[in-house]
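Chemist: So the protein sequences, as listed, match chains B and S.
Numbered according to our numbering, the first sequence spans residues 37 to 327.
Numbered according to our numbering, the second sequence spans residues 37 to 327.
Everything labelled a hint here was simulated from the structure, so no lab data went into it.
All values reported here derive from a predicted model rather than from experimental measurement.
Each residue gets a CB set at the ideal place from its N, CA and C atoms; glycine is no exception.
One or more hints might be untrue.
To give an idea of the chain B side of the interface with chain S (calculated C-beta under 10 Å), a few residues [to be verified]:
no., residue
1, M37
2, L61
3, N242
Non-contacting residues of chain S with respect to chain B, defined by C-beta distances greater than 10 Å in every case (computed) [claimed, not checked]:
no., residue
4, R58
5, G65
6, L112
7, H114
8, F269
9, L315
There are 2 protein chains.
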Amino acid sequence: MIVYLNGEYVDESEAKVSIDDRGFLFADGVYEVAHVYGGTLFEWRRHRDRLRHSLEVVRIRGVDLDELDRAADTLLEHFRAEMARRNEPADGSLYVEVTRGAHPRAHLFPDPPVRPTVVMWIRPVEPIPAELVERGVKVITVPDDRWSKVWIKTVGLLSNVLAKQYAHDRGAFEAIYVRDGIVTECTSANLFIVQQGTLRTAPVSNYILPGVTREVVLEIAQEEGLPVNLTPFGVDEVYTADEVFLTGTLTEVLPITQVDDVRIGTRAGPVALRLRRLLHERAGVLKRSST
Amino acid sequence: MIVYLNGEYVDESEAKVSIDDRGFLFADGVYEVAHVYGGTLFEWRRHRDRLRHSLEVVRIRGVDLDELDRAADTLLEHFRAEMARRNEPADGSLYVEVTRGAHPRAHLFPDPPVRPTVVMWIRPVEPIPAELVERGVKVITVPDDRWSKVWIKTVGLLSNVLAKQYAHDRGAFEAIYVRDGIVTECTSANLFIVQQGTLRTAPVSNYILPGVTREVVLEIAQEEGLPVNLTPFGVDEVYTADEVFLTGTLTEVLPITQVDDVRIGTRAGPVALRLRRLLHERAGVLKRSST
Chain B
37 MIVYLNGEYV
47 DESEAKVSID
57 DRGFLFADGV
67 YEVAHVYGGT
77 LFEWRRHRDR
87 LRHSLEVVRI
97 RGVDLDELDR
107 AADTLLEHFR
117 AEMARRNEPA
127 DGSLYVEVTR
137 GAHPRAHLFP
147 DPPVRPTVVM
157 WIRPVEPIPA
167 ELVERGVKVI
177 TVPDDRWSKV
187 WIKTVGLLSN
197 VLAKQYAHDR
207 GAFEAIYVRD
217 GIVTECTSAN
227 LFIVQQGTLR
237 TAPVSNYILP
247 GVTREVVLEI
257 AQEEGLPVNL
267 TPFGVDEVYT
277 ADEVFLTGTL
287 TEVLPITQVD
297 DVRIGTRAGP
307 VALRLRRLLH
317 ERAGVLKRSS
327 T
Chain S
37 MIVYLNGEYV
47 DESEAKVSID
57 DRGFLFADGV
67 YEVAHVYGGT
77 LFEWRRHRDR
87 LRHSLEVVRI
97 RGVDLDELDR
107 AADTLLEHFR
117 AEMARRNEPA
127 DGSLYVEVTR
137 GAHPRAHLFP
147 DPPVRPTVVM
157 WIRPVEPIPA
167 ELVERGVKVI
177 TVPDDRWSKV
187 WIKTVGLLSN
197 VLAKQYAHDR
207 GAFEAIYVRD
217 GIVTECTSAN
227 LFIVQQGTLR
237 TAPVSNYILP
247 GVTREVVLEI
257 AQEEGLPVNL
267 TPFGVDEVYT
277 ADEVFLTGTL
287 TEVLPITQVD
297 DVRIGTRAGP
307 VALRLRRLLH
317 ERAGVLKRSS
327 T
């Protein structure tokens, strides 16, 4: 794999950062993950805008976003060539991380500022198996113990890691964060429910990361005339929903058929499957998905 | 500077970790900072125990703490020799970080586990200027926006970085975190107040990182017969306290003479200065400090 690192393209084995990097020492960095469908970035503009916003709010300056666009193009070219060589579809995920740079450890920002560390790569992703989509996944609920600025897409993800592993250890695909009785989101996806034909998901607040796929699904719902309700809801409304599903850059739209010990239907719900199909259409995925 | 990195001793310029390191991608790592006084580690046993506990709670396995002890000894030897060569006191800080290791990015723990990344170094520290100690520092209060497991010493410190920078930008030395009206701690130090001769600091809870220096100061207080009250207190009690001070591994005991716009005395308080002197005695600091 080729990695873009501070203006250079290097092999993954050479792609290293200093032990003084503030991403490594303080989680003092932000990131994005974008989906590559058939060799093309999906919704890059939104990811790019969100990255710019993340950089602004954590006050990391001196990043040339046009240079990131060029890096993405170069990596996409490599990726398409590599996947063609392997005779595999050019489906992948682009990861980009920007940290405040490397400087001897101290909490305060380096003064004068140092050059931010910028790293980007594309790795292949396997499509989610059709039978998993059709059957739906199990999720569990966990207390939302994260900080109160999860709307900033930082690399400080230890809570997410621990909660997702906790879910995995209990046979679940994801964990739903619950804060003061209110459902916020999952560890790496947003959560939607369907109640009598109405789509619900948590409103934008300090306590959710407004997912790009969440936004796209809300747009699709509007185009399709599906009613949407963005008021907060609790765990009981999840348990009694007609459908529950996840949205995420790599998760796309993934039906949920069990939340804790409560079954939600017996198979993937029709609204989730329809939104998944429409998302795929928008991403230009034609015959690659069986749903 | 010599850096211990996964069993090797390398020059700082060579001390790099993979862009796949989970410390860099997820803040999936824990750390300690210990004070080196005159070439000797202070309270290493407590730091080591806390590190072991941090590793346990985030489920990072396979770290040989005895190997860390040997690395610390080797680095101390280098450090003493280097500082002798410079004809400077061997006062420094030892930093050790352990992450879950390097693996292509996914939230779930690598399965099978990969080798944790272990890095350690010692850098010189300047003593806090005597006039700063004597005059006392200004601090400000900020909302405590951190996650609810700050008792785990993880490298997910972006809130701390942003709050400390926010304080610095306003001419303050530190920021006091306030959660629901209750004072928790500062961004890289614990907070104490003195009320009519009684020492108060926040009790151990999910919302403070129990500092080694906090513990040592409480022990010293007990030895000295100083009354201690470990019940929670609010900002008003800080504003009206007779004395306010910080404790921390590198901060030691540092008097505070202003909190937000409120003056606390006109110079360093006697209890803080006495505890600072007793801490220095315990650390074997004799003529090196002027207080």
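Chemist: Give a verdict on every hint.
Modeler: Against the structure, the hints:
Look at M37 of chain B: its Cβ gets to within about 9 Å of chain S, closer than 10 Å, so that hint holds up. For L61 of chain B, the interface hint holds, the least distance from its beta-carbon to any beta-carbon of chain S being 6 Å, beneath 10 Å. Against a cut-off of 10 Å between C-beta atoms, the interface hint on N242 of chain B holds, since the closest Cβ of chain S lies about 8 Å away. Taking the minimum C-beta to C-beta distance to chain B, about 8 Å, the non-interface status of R58 of chain S is violated against the 10 Å cut.
Not every CB of chain B is more than 10 Å from the CB of G65 of chain S (nearest about 8 Å), against its label as outside the interface. Consistency note on L112 of chain S: stated as away from chain B, and its beta-carbon is indeed over 10 Å from all of that chain's, at 18 Å minimum. No Cβ of chain B approaches the Cβ of H114 of chain S within 10 Å, the least distance being about 16 Å, so the stated non-interface status holds. At roughly 22 Å from the closest C-beta of chain B, the C-beta of F269 of chain S stays outside 10 Å, upholding its exclusion from the interface.
The beta carbon of L315 of chain S is kept farther than 10 Å from every beta carbon of chain B, the shortest such distance being approximately 22 Å.
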